[in-house]
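Line by line, the protein sequences give chains F and X.
Heads up, the first sequence is in our numbering, so the first residue is 1 and it goes up one at a time.
Heads up, the second sequence is in our numbering, so the first residue is 1 and it goes up one at a time.
Some clues are possibly wrong.
Identical chains share a label here; the pair holds if one copy fits it or two copies do between them.
[As the list claims (entries may be wrong)] Here are the simulated lysine to any residue pairs, SDA-like style, with alpha carbons at most 20 angstroms apart: (1) 359 / 77; (2) 359 / 223; (3) 288 / 5; (4) 304 / 201; (5) 52 / 112; (6) 52 / 74; (7) 288 / 194; (8) 193 / 360; (9) 52 / 81; (10) 288 / 187; (11) 288 / 195; (12) 288 / 123; (13) 304 / 168; (14) 193 / 13; (15) 52 / 79; (16) 52 / 72; (17) 52 / 125; (18) 52 / 160; (19) 304 / 278; (20) 359 / 3; (21) 193 / 386.
If you are wondering where the hints come from, they were derived from the structure by calculation, not from laboratory data.
2 protein chains.
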Amino acid sequence: MRQIEEWTAQLAELAIFGANVQPGQLVAVTSYIGKEELTRALTRAAYERGAKYVDVLYFDQWLKRERIQHAADDTLDYVPPWMVERLMHLSEEHAARITLSGPHAPRALLGVDPARAGRDLLPYLPQSGEVVNRRTTNWCIVPAPTRSWAEVVYPELERGDAFRQLWEAVAHVCRLDTGDAPAAWTERIDVLKANAARMNDRRFDALRLFGPGTDVTIGLLPSSTWHAGDFTTVDGVWHYPNLPTEELFTTPDPTRVEGHVSATMPLELYGIVISGIRVEFAEGRAVKIDADEGADALRSAAAKDEGASRLGEIALVDRDGRIGPLDTVFYDTLIDENAATHIALGNGYESPVTESADKERVNQSQIHIDFMIGSRALDVDGITHNGDAAPVLRDGAWQI
Amino acid sequence: MRQIEEWTAQLAELAIFGANVQPGQLVAVTSYIGKEELTRALTRAAYERGAKYVDVLYFDQWLKRERIQHAADDTLDYVPPWMVERLMHLSEEHAARITLSGPHAPRALLGVDPARAGRDLLPYLPQSGEVVNRRTTNWCIVPAPTRSWAEVVYPELERGDAFRQLWEAVAHVCRLDTGDAPAAWTERIDVLKANAARMNDRRFDALRLFGPGTDVTIGLLPSSTWHAGDFTTVDGVWHYPNLPTEELFTTPDPTRVEGHVSATMPLELYGIVISGIRVEFAEGRAVKIDADEGADALRSAAAKDEGASRLGEIALVDRDGRIGPLDTVFYDTLIDENAATHIALGNGYESPVTESADKERVNQSQIHIDFMIGSRALDVDGITHNGDAAPVLRDGAWQI
């Protein structure tokens, strides 16, 4: 267990590095029951960095279960106003924000009605995307291993072994095992940014992604640029919003998506596992959503608002990352989305779009749901403004 | 453990009964890491009662430790604004409020500087007393047994036995063992209210409390009335703010307290244990505060503001309650203050004072700290407006 204590301290330091917590800053942490050890370690690390106050909210998925099972139907969309006021205050004060990911008590929502579950998105707030787009907060999401999460990923292992195995995997994909995770990430993100720069040089009009069960063409906005690794706040504070990160991403044209996609990995959405997702797009909209299980949770989320059935993100992941080769489903979007090329329904990021006329066309929604459609069997072509196709990814390797 | 599960469900129901949760009401819960089981049970019970939303905040004393140990000195009084906005919203919306008491991770604050600890009163808010006095929320505090609390109360027992023993004691003092705790409390509170009514008939000008280490005279306001058991909101919703409750209390004249008191029980204050408290009062003010341990925490709290060194409450506890006979220190003010006669430094309740001129004289402060000075060896006299003394309590029995 001493190794797990060391990893906990290192992961805490990595979160503070990723969020780039500044002396005197307010630091907000979104945590969950079961993640107390990492939460305490990163609280200590934040105060040692000079944080003014570390404002931790612990959420409990078993309370969400009680709500979904027992609350009146007309109350399920209620969001406590203080949660929104808190988020707005974090934005106004230019705070740091850290979120711990990983399935939270995966058994808590077993057997609940997915349609009701899809209406309670807390602690996710509809205003989260807007605050990200304001670039007022420096933030970072890192995974927080728990025993109950480990059981889901490694059901064949004994409980203690599964927990140890999950920590080993997280330590590997977060590059704690390099001995200097911040340096390792700086190096990897430099490579990702070089890949993004080569994509930007090509100025494709659209991408076509095709392979088993998927053939979709996704239009880009005239000024959509590819982005990787870091964000910078309006105050010039760089930060790594996701650790691990292995993707290049951009913001697509929400009106130009045609074709069909099949997810290559299951998705954990607000506590519900959705597997075998198949979506058909026409004129940008997801017009048909199916899944082997949990389809109603995704349909319910995609019906949240006008933009919820349109794309806000397209991200390319090559075969050089550390996650894909593990060939493991982590049921954690943060890790899984960095295993494979993916798209997201819902709110788009404005920062990859450079022209203000294009910013107005970025998809807006209360939701942002990534799901993985990539694998080494998924080919990606860039489509030029002349309609020519140029290979971008083949067998997970860059062709540009 | 099945018994503990049953007690948990019964205590959850008692909290909902005590707060008198109304259908459609917002229900705020203040809980702590380690108290998840009772929190989940009362969340379920609240939704079954028709709660609109159960808004639980889990606090973690180990995070408080990190703050007290590592945060800069000039940040320790910071209170996140959203916490105040949330409390004000609860008041405006006329919500129900439930708080779980009992030492929270008693080891978390071992060895920290009591003066620094006394500056971080969270989750207690300076505005709490004001909201109580507005009578807009129906609220209830109940104890929540934990293993770490049990170790403090029964250090001589093995850990599992101590937990079971603490639950047995809590089940007894909360009258769960009567088979119908709400009915048992209704009956006991009727007796307490009859005692209060007899005290009110006497219209004493002051009380003198005297016994080993204590001889103090506490003036009352002209319209100070004795109160027991229930409060009623401005909407007419009765509720039992404290369960268990064994006290009659009133609001004293903050300018007329003379003499000295010695605490008969140690006090757990914001995680610090303060034992052997001795306080001298002159013209209403605590002019000297000593203690065998933790004196600085109490001094620091009593220096918070002008009213923090004056009395906001005097409460009489007879020998017929269920707590005193256990002869056990629970290190939980909710239970311990109902074992013995006590006084409180800081904010006073307005509701026991009937005349508006007197309401203006009620002590105001950000703090409200009860400490126990009673025992069967403490005698209580009522002092009439003529200066005559009449016996009120002898050997813990009513003389009126």
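*residue 288 and residue 5: within-copy, between-copy, both or neither at 20 angstroms Cα*: neither (46 angstroms within a copy, 46 angstroms between copies)
*Given a CA cutoff of 20 angstroms, do residue 288 and residue 187 count as a within-copy pair, a between-copy pair, both, or neither?*
neither (41 angstroms within a copy, 62 angstroms between copies)
*Status of residue 168 relative to residue 304 across identical chains (alpha carbons, at most 20 angstroms)*: The answer is neither: 38 angstroms in one copy and 49 angstroms across copies each exceed 20 angstroms.
*Have a look at residue 288 and residue 194 and pick one of within, between, both or neither, based on CA distance no larger than 20 angstroms.*
neither (37 angstroms within a copy, 69 angstroms between copies)
_If the cut is 20 angstroms between Cα atoms, do residue 52 and residue 81 qualify within a copy, between copies, both or neither?_
between (24 angstroms within a copy, 13 angstroms between copies)
*Within a copy, between copies, both or neither: where do residue 288 and residue 123 come within 20 angstroms Cα-Cα?*
Classified as neither: same-chain Cα gap 28 angstroms, cross-chain 48 angstroms, threshold 20 angstroms.
*Between copies, within a copy, both or neither: which fits residue 304 and residue 278 at Cα up to 20 angstroms?*
within (19 angstroms within a copy, 61 angstroms between copies)
*Evaluate residue 193 and residue 13 at a C-alpha cut-off of 20 angstroms and name the case that applies: within, between, both or neither.*
neither (23 angstroms within a copy, 57 angstroms between copies)
*For residue 193 vs residue 386, is the C-alpha pair at or below 20 angstroms within one copy, between two copies, both, or neither?*
Answer is neither: 26 angstroms inside a copy and 88 angstroms across each miss the 20 angstroms cutoff.
*Should residue 359 paired with residue 3 be assigned to within, between, both, or neither, using CA atoms and 20 angstroms as the limit?*
Answer is neither; intra-copy 46 angstroms and inter-copy 60 angstroms both fail.
*asked:* Within a copy, between copies, both or neither: which one fits residue 52 and residue 79 at a CA-CA cutoff of 20 angstroms?
replied: Cα proximity of residue 52 and residue 79: across copies only (11 angstroms, versus 27 angstroms in one copy).
*Evaluate residue 359 and residue 223 at a C-alpha cut-off of 20 angstroms and name the case that applies: within, between, both or neither.*
Answer is within; shortest intra-copy Cα gap is 9 angstroms, inter-copy 66 angstroms.
Consistency note: the structure conflicts with the earlier hints numbered 1, 3, 4, 7, 8, 10, 11, 12, 13, 14, 18, 20, 21.
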